[in-house]
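Asks: Under the numbering used here, the first residue of the sequence shown is numbered 3, with each subsequent residue one higher.
Honestly, the hints are just simulated from the structure, not real lab data.
Here the structure is a predicted model, which means the values were calculated and not measured.
Do not take every clue at face value.
What the hints assert, rightly or not - With beta-carbon atoms standing in for the labels, derived distance ranges: (1) Gly16 - Leu43: 18 to 26 Å; (2) Leu43 - Ala72: 25 to 33 Å; (3) Asp5 - Ala26: 29 to 37 Å; (4) Gly55 - Asp5: 18 to 26 Å; (5) Ala72 - Asp5: 24 to 32 Å.
All C-beta atoms in this analysis are idealised placements derived from N, C-alpha and C, irrespective of residue type, glycine included.
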Amino acid sequence: MADEPIRITRGPGGEVEAEGPIDAFAASILHRAGFLSQPVLHGTWHRLPFDLGTAWENEHAAFAAEMLIAARYPVALGPTLRPAQPFGPAAPASARHFAAGTPSHQSQPTRAPSARR
Numbered sequence: 003m004a005d006e007p008i009r010i011t012r013g014p015g016g017e018v019e020a021e022g023p024i025d026a027f028a029a030s031i032l033h034r035a036g037f038l039s040q041p042v043l044h045g046t047w048h049r050l051p052f053d054l055g056t057a058w059e060n061e062h063a064a065f066a067a068e069m070l071i072a073a074r075y076p077v078a079l080g081p082t083l084r085p086a087q088p089f090g091p092a093a094p095a096s097a098r099h100f101a102a103g104t105p106s107h108q109s110q111p112t113r114a115p116s117a118r119r
């Protein structure tokens, strides 16, 4: 891995994009967070879909940054991409539904009956 960070920023047109030393594993992490990959003349452009709202973009950009950091990639997240609430280990709701083999309608865990006297 390189010392140069993967930069996740909001571009001049308002699009959220990831740039820097993105290898195949980092690209798969970005894809998992909702980023699209498009081939361009100088390589691959990694961006979030357009027009899904600032809150959605911030949430998914922060989620991507957190997953990349967990995989020990250096990451620079743009200051305009910070989520409204502090982000933690939980994935955005839309990303949780894409987990392999995980139905989107998981039942709540059952509680043990309480002993009554």
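Asks: For which of the previously enumerated hints does the structure constitute a violation, in increasing order of number?
Replies: 3, 4 and 5
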